[in-house]
Amino acid sequence: MMYLLLIVGFFLLIKGADYFVEGSSAIAKLLKVPPVVIGLTIVAMGTSAPEAAVSITAGLAGSNDLALSNVIGSNIFNLVLIVGICALIRPFIIDKAIMQRDFPIAILGSVLLLFFIRDSHLSRIEGIVLLCLMALYLVMTVISAIRNPIDIDIQDRYLPMHTSLMYIGLGLAAIIFGGDLVVDNACRIAAAFGLSETLIGLTIVAIGTSLPELVTSITASRKGESGLALGNVVGSNIFNIMFILGLSSTVHPIAAEPVAFMDILILIAMTTVIYVFCRIRSQMGRLMGSLCVAAYVIYSVYIIIR
Numbered sequence: 190m191m192y193l194l195l196i197v198g199f200f201l202l203i204k205g206a207d208y209f210v211e212g213s214s215a216i217a218k219l220l221k222v223p224p225v226v227i228g229l230t231i232v233a234m235g236t237s238a239p240e241a242a243v244s245i246t247a248g249l250a251g252s253n254d255l256a257l258s259n260v261i262g263s264n265i266f267n268l269v270l271i272v273g274i275c276a277l278i279r280p281f282i283i284d285k286a287i288m289q290r291d292f293p294i295a296i297l298g299s300v301l302l303l304f305f306i307r308d309s310h311l312s313r314i315e316g317i318v319l320l321c322l323m324a325l326y327l328v329m330t331v332i333s334a335i336r337n338p339i340d341i342d343i344q345d346r347y348l349p350m351h352t353s354l355m356y357i358g359l360g361l362a363a364i365i366f367g368g369d370l371v372v373d374n375a376c377r378i379a380a381a382f383g384l385s386e387t388l389i390g391l392t393i394v395a396i397g398t399s400l401p402e403l404v405t406s407i408t409a410s411r412k413g414e415s416g417l418a419l420g421n422v423v424g425s426n427i428f429n430i431m432f433i434l435g436l437s438s439t440v441h442p443i444a445a446e447p448v449a450f451m452d453i454l455i456l457i458a459m460t461t462v463i464y465v466f467c468r469i470r471s472q473m474g475r476l477m478g479s480l481c482v483a484a485y486v487i488y489s490v491y492i493i494i495r
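Residue numbers (the working numbering): 190 to 495.
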């Protein structure tokens, strides 16, 4: 039964992501907003809903290892594997706005998290700071969208507003419900094999809760919406640290194991390498995509055998 529900969850994720991307792209055109902005906000928050549910629930239940490792593992999965797969499917030019504002914010968010857990826990005050930074980031993104509207041809409006909103709502519901099915049943299968909570958080749960980002970004890439795909990944990483960990630690302080410090260092290093490469080349090609996928495989082997 667990395996059947796992398959149903994957199906809902795939179909939900298709509707979600279709509706989000249409909304972007209707509002004359660049797709990358929609990816950084609506899509990023929507696809991060499973991480929010898992981390906040884990924090309330006292499963601190799962709450923190889920976010760290998801961020590494998002940036390294998802971006790598998208580049392999269709190489894309990096949006300048992401490189100038959003990518640096994602790196600074990780560095700030590393600083906050230096005393082996994330306090309520530190959580509130993260939430305030998230609010500031959203305001900056919205102001940027208002100041830089895009010109569109009325013929490009494939869906009316109410249909687009319905697509987004149905797609998001399918993504969240499908993600829950995948995570719950994957965790049961993994626990049956005796895996530790931290390892489950960094692998099964992190990958499971990142499936919406994976499916959404791949779907966006195949439709030529590379701005939405990369914006979704970078926006999700910012959202995961500033909002999810901010809210989780505000509700209940989160204890951090020493191993989390190393995982965050790895996240910072990988993010910085990809950022520097994109600054130099201004694009993500198949070679860099292959290196990203290889790097994630190596990281996965490392966390399993350590």
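Accuracy of the hints is not assured; some may be wrong.
In silico BS3-like pairs for lysine-lysine, Cα to Cα no more than 27 Å straight-line [what the hints assert, rightly or not]:
(1) 412 - 221
(2) 218 - 204
(3) 204 - 412
(4) 285 - 221
Calculated directly from the structure, the hints in this document are not laboratory data.
Going down the list of hints, with the structure as the test:
The suggested pairing of residue 412 with residue 221 holds, with an alpha-carbon distance near 19 Å, which does not exceed 27 Å. Taking the CA atoms of residue 218 and residue 204, the gap is near 22 Å; set against the 27 Å cutoff, the hint holds. For a cut-off of 27 Å, the pair hint linking residue 204 to residue 412 stands: about 14 Å separates their Cα positions. Under the criterion of a C-alpha separation no larger than 27 Å, the hint pairing residue 285 with residue 221 is consistent with the structure, at around 18 Å.
In the structure shown, no violation is registered for any of the earlier numbered hints.
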